[in-house]
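Enquirer: Residues in the sequence shown are numbered from 1 upward in steps of one, following full-length UniProt numbering.
Quick caveat, the hints were computed from the structure, so don't treat them as lab data.
Among the clues, some could well be false.
Claimed, not checked - Derived DSS-like pairs: lysine-lysine, alpha-carbon spacing no greater than 30 Å straight-line:
#, residue 1, residue 2
1, LYS424, LYS118
2, LYS7, LYS424
3, LYS211, LYS128
4, LYS372, LYS424
5, LYS188, LYS118
6, LYS128, LYS237
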Amino acid sequence: MNVILSKSQLGWLLSVALVFPIIWLDTMYGVLSYVGLDFLRISLLYRTLLLLIGFYLAYTLTGPIPWVIKSFMLFWSLMLLVSTYPDGEILFTRDVNHMMRRIYPFCVLLICLSLLQKFGDKTELFLKGIAHFGLIFSIAMIFSLVTGIGNQSYGDYAFGVQSFYIGGNDVGLAALLSLCVLFANLYKKINFRNLISVGACILSVMLLGTKAGWAAGALITASFTFVIALFLRPKSKKQKFLKVGIIISVVSSISVASVYVTNNFDSFKFQFERASEILEGENPRARLVESANRHYDTYPQQIYLKGDGASFFEGVGREYYVIDNNKGSFDVYREIEQEWQDAVGHYGVPYATFLFSTHCFLILLTVILFFKWPTVDHFAFCLALFIYLGHGIMAGHAFVSGQPSHLVAVIYAITLYRLSILSKTDKNQLKPRVNGS
Numbered sequence: 001m002n003v004i005l006s007k008s009q010l011g012w013l014l015s016v017a018l019v020f021p022i023i024w025l026d027t028m029y030g031v032l033s034y035v036g037l038d039f040l041r042i043s044l045l046y047r048t049l050l051l052l053i054g055f056y057l058a059y060t061l062t063g064p065i066p067w068v069i070k071s072f073m074l075f076w077s078l079m080l081l082v083s084t085y086p087d088g089e090i091l092f093t094r095d096v097n098h099m100m101r102r103i104y105p106f107c108v109l110l111i112c113l114s115l116l117q118k119f120g121d122k123t124e125l126f127l128k129g130i131a132h133f134g135l136i137f138s139i140a141m142i143f144s145l146v147t148g149i150g151n152q153s154y155g156d157y158a159f160g161v162q163s164f165y166i167g168g169n170d171v172g173l174a175a176l177l178s179l180c181v182l183f184a185n186l187y188k189k190i191n192f193r194n195l196i197s198v199g200a201c202i203l204s205v206m207l208l209g210t211k212a213g214w215a216a217g218a219l220i221t222a223s224f225t226f227v228i229a230l231f232l233r234p235k236s237k238k239q240k241f242l243k244v245g246i247i248i249s250v251v252s253s254i255s256v257a258s259v260y261v262t263n264n265f266d267s268f269k270f271q272f273e274r275a276s277e278i279l280e281g282e283n284p285r286a287r288l289v290e291s292a293n294r295h296y297d298t299y300p301q302q303i304y305l306k307g308d309g310a311s312f313f314e315g316v317g318r319e320y321y322v323i324d325n326n327k328g329s330f331d332v333y334r335e336i337e338q339e340w341q342d343a344v345g346h347y348g349v350p351y352a353t354f355l356f357s358t359h360c361f362l363i364l365l366t367v368i369l370f371f372k373w374p375t376v377d378h379f380a381f382c383l384a385l386f387i388y389l390g391h392g393i394m395a396g397h398a399f400v401s402g403q404p405s406h407l408v409a410v411i412y413a414i415t416l417y418r419l420s421i422l423s424k425t426d427k428n429q430l431k432p433r434v435n436g437s
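Construct the entire structure; sequences and hints are all you get.
Expert: Structure below.
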């Protein structure tokens with residue numbers, strides 16, 4: 001029996017396949033790793049497939065995003081050649097891995113835009129996919145909290161639940177982006193289901209025990225609590241009750257958390273010490289930056305123009321592990337975990353400027369979208385992208401990570417698509433949609 005899908009059904013299916021599976025695949029890979037089957041890298045296969053599709057579209061379509069991908073490839077190839085000349089030393093696998101990770105969000109962005117152009121407006125479905133990430137993440141985290149099954153973030157010396165996820169910073173940043181969309185959903189439709197979803201995601205982000213998770217989670221919660229308190233106009237008594245309940249819940253949660261942390265201070269001592277150092281102005285990656293600076297001193301000044309490819313970070317690793325940690329005489333690859341520093345070390349300031357300016361331009365377009373079309377979704381986009389960029393600058397795990405970058409690419413796509421709608425639509429015609437989104 002032949003199954004024939006309509007154009008609308010095919011568009012829905014492809015959109016779901018692009019956004020919804022990522023958290024499931026990462027969770028499944030984490031579970032497989034937990035039981036010793038980490039060689040079954042199903043999430044890597046999925047992302048590799050998206051990269052290949054993105055490359056195909058980049059070389060068969062025209063437009064600014066295909067141009068960005070092709071320019072990125074050309075720039076990377078040129079800088080790889082320059083950075084390894086004349087000695088020819090190259091860690092090809094690591095250099096290719098660097099490029100693939102940084103170009104991944106633009107490939108996902110191009111796929112999203114292609115789906116939107118071919119099948120029409122699927123932006124609400126994309127938003128559900130971003131929110132879905134936070135929901136499944138929350139279920140896994142709370143499961144590990146209740147059962148004790150899963151990994152710890154830091155070990156016995158500090159509080160932190162990582163569940164089955166391999167990179168706490170990576171999945172934590174992605175969950176923060178999802179939390180922004182979950183809060184926007186709560187604003188648009190204030191009910192118990194959305195309230196519980198937001199609460200579960202906040203709890204799960206805090207359970208990770210990362211400094212960024214705590215700080216950004218608090219920032220998102222405070223920002224949306226302010227927006228809800230100031231701008232939300234409930235339409236029924238039930239919604240008025242829920243609005244008051246949200247504000248009371250936030251205040252109560254802060255109070256309960258404060259009491260719990262005070263009574264269990266030893267478990268949180270590590271986080272508070274590191275947070276105190278950062279508030280005093282210390283770089284969160286200070287020791288890695290110092291190691292990199294010592295390694296820079298072994299190069300001529302032109303290192304800042306061309307970098308040294310992945311080989312540079314073997315030297316950083318040697319400085320960090322051998323000199324700082326006295327772990328023996330060996331070479332080990334270690335990035336600085338700050339996006340600007342890592343980009344400069346790889347291929348120099350021009351390359352880093354190109355990478356950052358591309359992301360910053362898309363973030364600027366999102367801000368423009370918010371001011372031209374001020375909805376709670378677009379406010380959530382702006383907040384999410386500023387957190388993404390800030391996390392990348394201060395603590396890495398942004399441009400380099402497939403988890404947050406996938407969600408960010410979807411946000412970029414929605415931004416560009418809705419800006420195209422703005423250019424074709426009278427502003428007064430957008431008012432009904434503003435109230436609905």
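Enquirer: Compare the structure with each hint and give your call.
Expert: Hints, one by one, checked against the model:
no.: 1; hint: LYS424 to LYS118; verdict: 17 Å, holds
no.: 2; hint: LYS7 to LYS424; verdict: 24 Å, holds
no.: 3; hint: LYS211 to LYS128; verdict: 27 Å, holds
no.: 4; hint: LYS372 to LYS424; verdict: 13 Å, holds
no.: 5; hint: LYS188 to LYS118; verdict: 28 Å, holds
no.: 6; hint: LYS128 to LYS237; verdict: 27 Å, holds
Comparing the model with each numbered hint stated earlier shows that all of them hold.
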